[in-house]
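**Student:** Protein chains in written order, with my numbering: chain S, 121 to 573; chain H, 64 to 282; chain A, 72 to 539.
Keep in mind the hints are simulated off the structure, nothing from the lab.
Every clue listed holds true.
Straight-line Cα separation of at most 27 Å, DSSO-like style, residue types lysine-lysine; simulated pairs:
#1 A:Lys409 with A:Lys368
#2 A:Lys360 with S:Lys534
#3 A:Lys360 with A:Lys376
#4 S:Lys157 with A:Lys347
#5 A:Lys417 with S:Lys157
#6 A:Lys360 with A:Lys417
#7 A:Lys409 with A:Lys382
#8 A:Lys376 with A:Lys409
#9 S:Lys515 with S:Lys430
#10 A:Lys347 with S:Lys158
#11 S:Lys158 with A:Lys417
#12 A:Lys347 with S:Lys515
#13 A:Lys129 with A:Lys504
#14 S:Lys534 with S:Lys515
#15 A:Lys368 with S:Lys437
#16 S:Lys534 with A:Lys347
#17 A:Lys347 with A:Lys409
#18 A:Lys409 with A:Lys360
#19 A:Lys360 with A:Lys347
#20 A:Lys409 with A:Lys504
#21 A:Lys382 with A:Lys360
#22 H:Lys170 with H:Lys185
#23 A:Lys347 with A:Lys417
For clarity, every value in this text was computed on a predicted model and none was experimentally measured.
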Amino acid sequence: MKALWHLDWLRLRRQAATWFLLGGLFLAGLTAIYLGKKFQEQQQAEISRLDAQFQAQCDRLEHRYRENGEHSGYWSYYSFYPVHQPPRPLAALSWGLRDVAPFVTWVRLLGLEQQLYESSLANPLLQSLGQFDLAFVLGVLAPLVLLLLGHDVLSRDRQLGVLPLLAAQGGGGLLRMLAARLLLRLLLVVIVCSLLFGIAMIILQLPPGFDTFAWLFIALLGLLPWLAITAIIAARSRSATGSLAAAMAAFVSLVLLMPALVNLALSTLFPVPEGLELTVRQRQIMHDGWDQPRQPNYDRFLAERPEYRKWPTVPEKDFTWRWYFAMHEVADRSVAELVNQHTQHLRQRHAWSQRLAWLSPPALTQSLLSGHSGTDLDAHLLHLETTRNFHEHLKAHFFPLIFDETHFTAGATKSFPRFQNSAPAPAAPLNPLPPLLLAALLLPFARPRPVLS
Amino acid sequence: MIQLQNISKAFGSRPVLQNLSLQVDRGRILGLLGGNGAGKTTTLNLILGFLQPDSGTITVTGETAYIPENVALYPELSGLENLRAFAALAGRDLSTQEGENLLARVKLPAEAMSRRLASYSKGMRQRVAIAIALARQAQVFLLDEPTTGLDPAAVHDLATLLRQLAQDGAAILLTTHDLWHLSIDSDEVAILSAGRLVDRFEVAGQDAAQLAQRYMQAK
Amino acid sequence: MPVPSPILPLARLEARLIWRRRASWLLLGLFTGLMLLAGLLSGLRQTREREQQAAYQKLVRQQWESQPDRHPHRAAHYGTFAFKPRSLLAAYEPGIEAFAGRIQFLEAHRQNGANFAEASTLSSASRLGELSPAFLVECVLALVIVVLGHGVFAAEVESGRERLLRAQIGPRGGLWAGKTLGLWLGISPFVLIAALVPLTLLFFGESGLADRASVLVAALLLYSVLWVLLVAAVSSVCRTSQAALAVLICLWLGGGVLLPRAAAGLASAAHPLPDKSEFNARLGEEIAKLGDSHNDKDPAFIAFKEETLRKHGVSRVEDLPFNYKGQLMMAGEEQSAKVFAQEHAKIEAVLDQQTALVRRLAWLSPSLALRDLAMRLCGTDAAAQQRFIREAEAYRFSFIQHLNHLQRDHTAYAEKNVQRIDEHLFDEIEDFKPTPHTLSLALAGSAASWAVLGLWIALAALLGRRFA
Chain S
121 MKALWHLDWL RLRRQAATWF LLGGLFLAGL TAIYLGKKFQ EQQQAEISRL
171 DAQFQAQCDR LEHRYRENGE HSGYWSYYSF YPVHQPPRPL AALSWGLRDV
221 APFVTWVRLL GLEQQLYESS LANPLLQSLG QFDLAFVLGV LAPLVLLLLG
271 HDVLSRDRQL GVLPLLAAQG GGGLLRMLAA RLLLRLLLVV IVCSLLFGIA
321 MIILQLPPGF DTFAWLFIAL LGLLPWLAIT AIIAARSRSA TGSLAAAMAA
371 FVSLVLLMPA LVNLALSTLF PVPEGLELTV RQRQIMHDGW DQPRQPNYDR
421 FLAERPEYRK WPTVPEKDFT WRWYFAMHEV ADRSVAELVN QHTQHLRQRH
471 AWSQRLAWLS PPALTQSLLS GHSGTDLDAH LLHLETTRNF HEHLKAHFFP
521 LIFDETHFTA GATKSFPRFQ NSAPAPAAPL NPLPPLLLAA LLLPFARPRP
571 VLS
Chain H
64 MIQLQNISKA FGSRPVLQNL SLQVDRGRIL GLLGGNGAGK TTTLNLILGF
114 LQPDSGTITV TGETAYIPEN VALYPELSGL ENLRAFAALA GRDLSTQEGE
164 NLLARVKLPA EAMSRRLASY SKGMRQRVAI AIALARQAQV FLLDEPTTGL
214 DPAAVHDLAT LLRQLAQDGA AILLTTHDLW HLSIDSDEVA ILSAGRLVDR
264 FEVAGQDAAQ LAQRYMQAK
Chain A
72 MPVPSPILPL ARLEARLIWR RRASWLLLGL FTGLMLLAGL LSGLRQTRER
122 EQQAAYQKLV RQQWESQPDR HPHRAAHYGT FAFKPRSLLA AYEPGIEAFA
172 GRIQFLEAHR QNGANFAEAS TLSSASRLGE LSPAFLVECV LALVIVVLGH
222 GVFAAEVESG RERLLRAQIG PRGGLWAGKT LGLWLGISPF VLIAALVPLT
272 LLFFGESGLA DRASVLVAAL LLYSVLWVLL VAAVSSVCRT SQAALAVLIC
322 LWLGGGVLLP RAAAGLASAA HPLPDKSEFN ARLGEEIAKL GDSHNDKDPA
372 FIAFKEETLR KHGVSRVEDL PFNYKGQLMM AGEEQSAKVF AQEHAKIEAV
422 LDQQTALVRR LAWLSPSLAL RDLAMRLCGT DAAAQQRFIR EAEAYRFSFI
472 QHLNHLQRDH TAYAEKNVQR IDEHLFDEIE DFKPTPHTLS LALAGSAASW
522 AVLGLWIALA ALLGRRFA
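With the sequences and hints as input, model every part of the structure.
**Tutor:** In structure tokens, the structure reads:
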């Protein structure tokens, strides 16, 4: 094996293509790290400004009502509260949905559902072009480099006519030769990937720990199915041109076509009605409230929220904040079932996309990496849930005060609730099995053609 | 007819051909004999016009056909298709019948005509190349090492075919190492050594052994 | 006797050689299958979403008209929706719509509200791309041309046939023109399949698509010509077909896979957009300076009040011939809309800078240029999106002002905002009527992308002719 490696390394290092590919991978990785740093900084800056923004808003309120204060209903009508999901450090490496799905949501005491479907401020053109994060470099480009370095390890010698000579030298046959050569190339790619990861750890200040290294572990595991694919192509093809074409076909179908096809199929087969339906329904119920007798609506609220029975009635004629906010709550409750369905639907589709990711190693890697980095759909749904919980918290805080017709005076904002339990989304459970299984399933097909064929 | 008069050619300061004069008339076959680096291929390239001589004149009358050592045609196409496609490039549209007639004239077996070229032997490919030349009404044939890698029977068949062409009025120049082929095929032998014409004589019934003796002497 | 030009026989020969290879048939089968699948799924989805949108549009209108008697400002907060016009062509290139949203909720004092973009509901693997027919053309068609054509000159040189070819052609020349034409003819079935998708969409009953669809097909043809010429040029420069294939694959990868992503990353790093919280905070601050137009005693509006009183020669708002509160709302809406426009113009400036950077990088990538053209023609590009947002905001403004007008003229100041007006007054407010997408709108600003295609074609042709 050592002799095989030695000869192979002598040849490999003299080829310009080797250094071009590995250098290109390294450069792409540095770019991704730089962009990841920017991504991280922007997100952290956005989150770090929230307190000041909230404070400025409170100051405006204080200023507005500085003279005589105002009914607590007004204060809560005009105050928005930021709920955010901080990124896990690893989010800078695999952005997942974090650049399209909002991770900061400002909510106020009104009906929640209509407040959830604003997207963040972004350039949709850039979003549609795709992401250049380290997960892309390690999950898509590194396999490509492995493919390009390894697809012709046998066919090239076959073409040169060296193969019979090499085989006649002994050393354990073509399979051994194939294995030795591909492992050497895998090693080179792994070295570049690990180097990039090391640089990323320093630049992005990732905490050195199991969690961080697990990311690299998953990314490298993701190379194994590709090793198997490279081995199949290298073993089965007759000419170097043929194997290059086969390598490209594999790359295009697994990286570009399969995930795209799965995506298209899933969004066709599991249509998730946009939040529109929720908004339309909730809006209707909420505004109908203005035109209906108030007490029955309020009773509906009390039925849902028995803890407010202390305030059993609302006046029919005069405006009361009690009735106003109760109406919003009723509207939210009336779509609760729909919201549930919506979330279920999303989870179902997400589960399917994870299942179908088996069809494409890069999709599998992306899915595992964004899961581990807390940037996938689950993380976003968690953010929505956190937002709902905080909204509940707001209600629990303000409703008794408002229902009591409390009048807030200067300094009231000091006791306003603030979103505190800001934990990043947890990492999805680490599951190294899929890439290993995929590789194990594919490898047996890598049987070299006989020397003379 | 091919006529070379006092041709000299050097690559940089290295002379490849010095003062070479040769003539091949219609109906005759000249074998150009010489070791590696003697200047055979340069001579062919000069006649083909791929190279320009430093001095001297070259006259070629009639369409020239060049049959390289390894005839490269399209393996995806049949012999007939290759013939018709290449003839069309030269501005000649052959009907299937015309094509088959030409291939028959170069003795390509009828069953092989519509088979893919990938399955042809080297000799068969050579025949298709000659047919392509014939389609252009070539009068001058330049063959580079035509017998390398042919079995004796194929060499014999090639010799017969070339003789036939010569009888039909072609002037044929071939380079070779194959003395047996020369002995059964050529009218005349010219021996090149280090860019000079060192000997030139009529074959006239001499066998391969006699030619070998003559060749060793000339060197 | 004049010898006919060898160009046509060469072209015929090349095309024939392509179809003699089993790989070509395999590729054609795959490409057709993928195209059918993408066209079908994408078309199905667009049709369904169009129907859904039409149904919602109808429902929202119906809800609007069946409002009970209401105070106009209540109706202004009830609000309405603007729906982006959808063309079936979006099935060919969905463009940025998944990220930008196609619906906008419109209500009083709030701009740029919920937009229901679906991107945040997808799985992260979906960021690897969506299989639209346009994507197949941009990426896969180019790769097909590379795979089938990389040997067009290099393989001839490699095998030694080049000499024979040249000998047969003689001094007439035409090797480059003939073989390149042949390569294009050879791959033309792929182009035909690709063109069929936009053309098929014409038969689904949407009028006014024909001109855009035909320009789309023209762009597609240009793109195929571009790749044929590029492949021919590289094949003529490289000595072996394997080297040609390697170079072409690098070009393809660089322009089609790497550059778009890198461009997106670099553009957002070079010109960072303010985040939404920051934008809203700034907006909130500016709007707070204006005062609260719900409150007719707000000190910020004292001057306005005095001006109004003076103009009508009265001394109390109660004596005005209309409801002062409605008048105040109108003033407030106008001011806040102006502030929003000012702030949003800053955002648009950054968006434009980002887009401009991507445009500049598109000179390096014909596939980006084609994508730009396809998105424009299908009405799924950034310009169409901005137009929609701008028109929706303009509509929102006139919609709200209409309601404020109703408040001014049909309610009384003394009634303390509880007075309801006749519901039929709401019915006269018309729905959002976006400018329909037209060919000239689509082509405005597309010169650069056409120029990119033209430049690459010219360069590739020059290079190919020189070396072939």
